[in-house]
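Student: Use these hints to put chains B, C and D onto chain A, whose structure you have.
4 protein chains.
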Amino acid sequence: MSKTPSDALSATLHNHLQQIIRENQQLAEKLDFDQVAAILPLLQQAKRVFVVGAGRTGLALKAAAMRLMHLGLTVFVVGETTTPAIGSGDVLLAGSGSGTTSSIVKAAEKAAAAGAQVVAISTTTSSPLAALATHVAVLPAAQKQDHGGEISAQYAGSLFEQSVLLLLDAIFQTLWGLDGTPAEELWKRHANLE
Amino acid sequence: MSKTPSDALSATLHNHLQQIIRENQQLAEKLDFDQVAAILPLLQQAKRVFVVGAGRTGLALKAAAMRLMHLGLTVFVVGETTTPAIGSGDVLLAGSGSGTTSSIVKAAEKAAAAGAQVVAISTTTSSPLAALATHVAVLPAAQKQDHGGEISAQYAGSLFEQSVLLLLDAIFQTLWGLDGTPAEELWKRHANLE
Amino acid sequence: MSKTPSDALSATLHNHLQQIIRENQQLAEKLDFDQVAAILPLLQQAKRVFVVGAGRTGLALKAAAMRLMHLGLTVFVVGETTTPAIGSGDVLLAGSGSGTTSSIVKAAEKAAAAGAQVVAISTTTSSPLAALATHVAVLPAAQKQDHGGEISAQYAGSLFEQSVLLLLDAIFQTLWGLDGTPAEELWKRHANLE
Amino acid sequence: MSKTPSDALSATLHNHLQQIIRENQQLAEKLDFDQVAAILPLLQQAKRVFVVGAGRTGLALKAAAMRLMHLGLTVFVVGETTTPAIGSGDVLLAGSGSGTTSSIVKAAEKAAAAGAQVVAISTTTSSPLAALATHVAVLPAAQKQDHGGEISAQYAGSLFEQSVLLLLDAIFQTLWGLDGTPAEELWKRHANLE
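Residue numbers (full-length UniProt numbering), protein chains in the order written: chain A, 1 to 194; chain B, 1 to 194; chain C, 1 to 194; chain D, 1 to 194.
Pulled out of the complex, with its shape left as it was, chain A reads as follows (with noise of 0.2 Å):
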């Protein structure tokens, strides 16, 4: 019996989302795990940590922002109502594909002169990012505007902005386990008025 349309798209949406993770997969396996190790004591010393990011891995971000205050770290989105006058013993932890992002590396000026300690997250260690960052974290997916799909097939950023969410949560299961408080503790943390 022939597939129906319904099936086909089934199928079609099962292979998407097998390559998605094979994509996650397979730059897993190209991560430099010392590289991407040594932001965890940065975060761990940091008097307060500020996340920083555009579009799609602004929301990677603002995720992984969440689990860090969860596990009792003072964490700020940079745009955000109450978020304070970054300074000296901070970390701002700046996440672009192409580490050229107009907004991100202003960003990454002002925390610099600042002195706070700028952490990149980025597919690349040379640009302008890169340059102000005290240590970049490199994730080899395609940036944004790769339309080629040499490296992933997916739309844009998609793959960067995947692997930068699970990274960061690959850190804070890291962080948390160094840690040890239990998943109690961390959930009196949650945000409890919405």
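Incorrect hints may have been included.
Since the list gives no way to pick out one identical chain from another, each pair is judged satisfied if it fits inside one copy or across any two copies.
Simulated pairs of lysine-lysine, DSS-like, Cα-Cα distance not exceeding 25 Å [as the list claims (entries may be wrong)]:
1. Lys106 to Lys47
2. Lys106 to Lys188
3. Lys47 to Lys188
Everything labelled a hint here was simulated from the structure, so no lab data went into it.
Tutor: Coordinates of chains B, C and D only, in the frame set by chain A:
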């Protein structure tokens, strides 16, 4: 010489702005300042201040949250990324014209249950929000669906929303006067990464 | 009988609110309403309206964006999740007291390059923002770092931010009057999922 | 030669990232793709798509909202400034692991009452949210308070939140494939003022 349509437009705009300011002036004359001033020690003594409001009222509360942060208070906006759990010793500053907005009433319930004090800014002391509040400051403006225009010729809750901003800015000015910190010191607390 | 500290607090708060309203009244007297009214046809004829502002000025513009949406215009806030690309036929309504805020000037540059018109609300016509604007409406309020208090006794840009809200609400009332749609019809356009 | 603490940290981080990807892979194997694929025609035929979710689930839905906007759909995020009223012909895409998050259930109730269709993404078909939904896509991940770790070793709802992002990106890739618009055309729709 007869007026052009453009002259008429300028005159109408002028009249509307005059009327908006006059409505705010008339509302100020009706305020019970002893009742409103009772908010100040609650904010000063709060461990942390959380603000919540829907729509344009929420925007007025965010504007106030920024100023209170500049003054040195620890302030969070409900619903933003790293806003933590509210608890004992904290104050929830909740604005709602009607005092019935479901998400605001729900937040007030949860805040009270968590041991925080609820300070309401509303047009009435007879509402679910007011019933949950430790203290209510009444701004006798029209409510959102008073389309009759008895109190205000403006659309919906505009007068209430404007007066929330102006009153909270007056509260800020008063707290600042008590505090005495120079403007230059407050300025250093402004967000510096945007 | 001597006043209690609480009486004094009420009186101080009362004075501050009076002063805030008086400053807005005095500012309104200095406005060139022909210049401001020229914004109205630009908004009416715009394919889509985009608003942008930093900090409290941005909050005032968001409040205006809501009302313009209620009136039936297609309105987007720069930086929100599904705000599309601006282009020819669109208007960017940009607020900045100094006209120098880097993110706002950058947005105005990009908007102009994309073929959109830039309408600025500012304290001055001599600024990078004004240079990019098709039209500037001047609110002669103090700028953020005028700590001297010649124009306003309020902190930083508070008077400018308040006056942006009040003026844009006057613009809304004027556009609404021209439009003639009943309040009940506007009400149906309010967000109904919060 | 013994490993340094830094080597151990890298290895732990590596293991956590592998585990996160493996959990997402295992979850994908359990999906009913016919059930999930049924979302696609609902999105394609929607007059407008509204998305809603709390916390990190909400961030995953915002990331999807951006991509759907790039694809040419009319998409709004519940709670953002100019999001209009939902109505007949519209779809509310609501994400909640438990299907009990009160603000999400409330939004679904209101959407259904306004004549919109509710599409839920959840871990279960037995919930107040599922009861209101036209269609439920089940991601059999752990719920937020399953601290036991049977399904996922990750904290709280992390696996659910990650899988919402990856699945919605797979849905986007599938819709994009059906649509056939070149990447360069989608790129022109990206926000251009940030």
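Student: Take the hints in turn and mark each one as holding or not.
Tutor: Consistency of the hints with the structure:
1. In this assembly of identical chains, the alpha carbons of lysine 106 and lysine 47 lie at most 25 Å apart only when taken from the same copy (22 Å versus 31 Å across copies).
2. For the identical chains of this complex, lysine 106 and lysine 188 are inter-copy neighbours only, at 18 Å across copies versus 36 Å inside a copy, given an alpha-carbon limit of 25 Å.
3. Taking the shortest alpha-carbon separations for lysine 47 and lysine 188, both the intra-copy value of 22 Å and the inter-copy value of 17 Å come in at or below 25 Å.
Every hint from the earlier list agrees with this structure, and none is contradicted.
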